Structure formats: C-alpha cells, structure tokens
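All chains should be built: construct the whole structure from the sequences, respecting the hints.
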Amino acid sequence: MMEPAMNTAFLAKTALFKNIPPQEIELRMHCLGGVVRSFPKGSYIHYAGDIVHTVSMVLKGQVIIENDDLWGNRNLLGTMGPGELFAEAYACAENEPLLINVQAVTDTTVLMMDLRKVFHTCSRSCPQHQQISDNLLHILAQKNLALARRILHTSSKSIRGRVLSYLSFLAAQQKRKIITVPFNRQQMADYLSVDRSALSNELSKMQKEGILEYHKESFKLLKNPEE
0 MMEPAMNTAF
10 LAKTALFKNI
20 PPQEIELRMH
30 CLGGVVRSFP
40 KGSYIHYAGD
50 IVHTVSMVLK
60 GQVIIENDDL
70 WGNRNLLGTM
80 GPGELFAEAY
90 ACAENEPLLI
100 NVQAVTDTTV
110 LMMDLRKVFH
120 TCSRSCPQHQ
130 QISDNLLHIL
140 AQKNLALARR
150 ILHTSSKSIR
160 GRVLSYLSFL
170 AAQQKRKIIT
180 VPFNRQQMAD
190 YLSVDRSALS
200 NELSKMQKEG
210 ILEYHKESFK
220 LLKNPEE
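Mapping of the sequence shown onto numbering that gives the first Met the number 0: residues 0 to 226, in sequence order.
Please note that the accuracy of each hint is not assured.
As the list claims (entries may be wrong) - Restricting the straight-line Cα-Cα distance to at most 25 Å, the calculated cross-link-like pairs of lysine-lysine (DSS-like) are:
no.: 1; residue 1: LYS219; residue 2: LYS176
no.: 2; residue 1: LYS204; residue 2: LYS219
no.: 3; residue 1: LYS204; residue 2: LYS176
no.: 4; residue 1: LYS215; residue 2: LYS40
no.: 5; residue 1: LYS12; residue 2: LYS59
no.: 6; residue 1: LYS156; residue 2: LYS116
no.: 7; residue 1: LYS174; residue 2: LYS12
no.: 8; residue 1: LYS116; residue 2: LYS142
What the hints assert, rightly or not - Per label pair, the in silico range of CB-to-CB distance:
no.: 9; residue 1: SER192; residue 2: TYR46; range: 33 to 41 Å
no.: 10; residue 1: LEU144; residue 2: ALA92; range: 16 to 24 Å
no.: 11; residue 1: LYS176; residue 2: GLN141; range: 33 to 41 Å
FYI, nobody ran anything at the bench for these hints, they're computed from the structure. Note that the structure is a prediction, hence the values are computed from the model and not measured. For every residue, glycine included, the Cβ atom is placed at its ideal position computed from N, Cα and C.
The structure is reproduced here in structure tokens:
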C-alpha cells in the first residue's frame, strides 16, 4: 500500500509525472522504488559530501539548496517547494559527492525514488515509465538553463548590475509591472552572491534615484538606469 502522504492526484500535476494518470502513478511507484520521508524544520536532508542515488521531490514544505565555503559563507543556490526536485543531477552523475547542503525550511515531506529504477524501465516496459524518464530529462535541461541564468545575473561586478539583471529577467518572465521576488532579502543576497547589508543599501539608493520601488518581496522597475 502507498504511504498516506503520497497524494497521487497532486503528483499527476507535477512536471515529473506529467501526462501520467493518478492511478498509473500508484501502480508504478513500486517500480520506481518510491518511499516517503518526513523532515522537521531546520533539519538537513543531504549534506555536502554525501553520495545520493535518489531523485527526491518535495511533497509538502520547502527546502533550500546551499553551499558553504571553507570560511562558513553561505551561497544560496535556490529553493524547492511542493512538486519540485532536488539533488537529481548528482544522482545522475553516479558516485559524485554533493557540493551542496539540502535543508528543510519548514516541516517537510519528501518522496524519494531510486534513480536506477526511474531510468531503467521495469520488465513490463510500460509507456508510463518511459514518460517519467523523459519528463526527468526535460527537468534536468530546465535546471541547467536556470543555472546558466544565475551565472548571468552574478556576472556583473557591481551589486546594482546584478540586481538589475535579475529583476529584468523576472519582469520579462512574470509580464507584470509589479514583480515578485521568490526570496526574502537574505536569500536574495545569497542568490546574487552579495552581502545582505550592501544589497539593502543599494536597493535604497536605487529607490531614491527613482530607478525602482520595492516593499519586501515586491518590486517595480520605474526607469532605465542609463537615462
């Protein structure tokens, strides 16, 4: 029987199980080696140096992906919420130690699946299993693009340049005058690889100069800073 926390109707709406009916997900879960685990707020799901062989999906809660350097400086790489995957690239690399920590921001429930069983179809060679494998490859491609975007946003030597690169991308993506940043201020600073106080000071300057307006996670770009 399936774990109570595994809601197949919810899973059918995720990218990994796209085009897979809920009843088929339930039937294939054993073939995928799926297990559900719960992690309390603040606990670590994976540590840097771990070897993982699982594709993990957040079912409930939120996790952050971070990297700490030798001096303890945190570099935020992203956050994952319900329906999103983490550490799957390392599992695909086979025996590649993690360079990241994965921490539960809230009480979090995770579905873990054996990568070898995801990519190697069962004896029935069912089309649903192949669809899941194809979906995972698409997710990996999308994440590679997201990593490339972060490199682009942090390529500027100035904090202002990084902020404008990131906010311009969000404005184009969200297609709204008032955009929402999916991070709090510390997380935004970590994502852009800048000091939080320096980021706050720069945002304040940009608001005084009429370049943007902001309140918490809401931002509005007002004019071209080159004008």
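Here's how the hints hold up against the structure:
1. LYS219 x LYS176: holds (6 Å)
2. LYS204 x LYS219: holds (14 Å)
3. LYS204 x LYS176: holds (20 Å)
4. LYS215 x LYS40: holds (23 Å)
5. LYS12 x LYS59: Holds - the C-alpha atoms of LYS59 and LYS12 are around 14 Å apart, at most 25 Å.
6. LYS156 x LYS116: violated (44 Å)
7. LYS174 x LYS12: Distance ~24 Å between LYS174 and LYS12 Cα, so the pair holds.
8. LYS116 x LYS142: At roughly 21 Å apart (the allowed maximum being 25 Å), LYS142 and LYS116 satisfy the hint.
9. SER192 x TYR46: 33 to 41 Å: Given about 22 Å between the Cβ atoms, the range is violated.
10. LEU144 x ALA92: 16 to 24 Å: Given range 16 to 24 Å: holds, Cβ gap about 18 Å.
11. LYS176 x GLN141: 33 to 41 Å: Distance hint for LYS176, GLN141 is violated at roughly 26 Å.
The structure does not agree with the numbered hints 6, 9, 11 stated previously, though it agrees with the rest.
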